[in-house]
Amino acid sequence: MPWSPDRRLLAATEPVRAAASAGALALAYPLLRGAPRGEPHGVLVLPGLLASDASTMTLRRWLRGLGYPVVGWELGRNRGPTKEVTDELPRLVRRLADQHGGPVSIVGQSLGGIYARRLALRVPGQVRQVISLGSPFGLSGGPADDSPGARAYARQRHLQAVPRGRGGLGDGLPVPSTAVWSRWDGVVDWRACRQASGPTAENVGVLASHLGMGHDPAVLWLVADRLAQTREGWQPFRPPARLRALYAAEPDDA
Numbered sequence: 021m022p023w024s025p026d027r028r029l030l031a032a033t034e035p036v037r038a039a040a041s042a043g044a045l046a047l048a049y050p051l052l053r054g055a056p057r058g059e060p061h062g063v064l065v066l067p068g069l070l071a072s073d074a075s076t077m078t079l080r081r082w083l084r085g086l087g088y089p090v091v092g093w094e095l096g097r098n099r100g101p102t103k104e105v106t107d108e109l110p111r112l113v114r115r116l117a118d119q120h121g122g123p124v125s126i127v128g129q130s131l132g133g134i135y136a137r138r139l140a141l142r143v144p145g146q147v148r149q150v151i152s153l154g155s156p157f158g159l160s161g162g163p164a165d166d167s168p169g170a171r172a173y174a175r176q177r178h179l180q181a182v183p184r185g186r187g188g189l190g191d192g193l194p195v196p197s198t199a200v201w202s203r204w205d206g207v208v209d210w211r212a213c214r215q216a217s218g219p220t221a222e223n224v225g226v227l228a229s230h231l232g233m234g235h236d237p238a239v240l241w242l243v244a245d246r247l248a249q250t251r252e253g254w255q256p257f258r259p260p261a262r263l264r265a266l267y268a269a270e271p272d273d274a
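Letter by letter, the sequence shown follows residues 21 to 274 of the working numbering.
Do not take every clue at face value.
Claimed, not checked - So the derived label-pair ranges between C-beta atoms look like this:
1. 145 to 264: 32 to 42 Å
2. 115 to 84: 30 to 40 Å
3. 253 to 192: 17 to 27 Å
4. 261 to 141: 31 to 41 Å
Just so you know, the hints here were simulated from the structure itself, not pulled from any lab data. Yeah, the Cβ is synthetic: ideal placement off N, Cα and C, and Gly gets one too.
Whole structure, please, built from the sequences with the hints as guidance.
Below you can see the structure in the form of structure tokens.
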């Protein structure tokens, strides 16, 4: 799918808009103090393509402040599904589940969210829920588009151990899942970041840029709310009235 002029403008302004989200976080912090807190359990946060744990520092610090034992992936820069990544991630999830006495929640940004969904299929007994942030899993198993994210992924393909055509990820998972998308995403097509809705599968729209999702106030509240859900009583997300303007309405064709 060709990347339209409007989408190219969004891509060019990604860094500026990501910085704006950081500024909004400072202003919104007093409101975020009332974010939900749930049962402490292990949380794994996975970075996006070409990013490292440094890119998820704000998100991990936020979740740690809410009382969750949270870790990054500690595999350096994310260059795609290399053999090291595909071998080590299931082991890491199992270790965390054993260490914390139960399944872990996985929060993945962009490509990290695709990993998270694959992990829910590979080791469902060790995964409590999946939260993907701007993750174009709808393209998995299909032809690539012309987005900046797809082009960057293609440049790393020689390092990757998993063929692109390996299975779609847009259908239901065996665990609760929340897919976060944004029409203002300048890196990937927001439509590919949505899943088929179901009793434990939802899509939530935000107004953030792709690069800014990890420190956007609406996303931080959403992640806190999702992690506070009990394993037996998961319910779809309902934004609080004071923050409702930070979330996007469902598309007309949803």
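Here's how the hints hold up against the structure:
About 36 Å separates the C-beta atoms of residue 145 and residue 264, a value consistent with the hinted range of 32 to 42 Å. The beta-carbon spacing between residue 115 and residue 84, approximately 18 Å, falls outside the hinted interval of 30 to 40 Å. Between residue 253 and residue 192 the CB atoms are about 19 Å apart, so this pair conforms to the stated range of 17 to 27 Å. Under the hint 31 to 41 Å, the C-beta atoms of residue 261 and residue 141, about 36 Å apart, fit the expected range.
Taken one by one, the earlier hints fail for this structure only at number 2.
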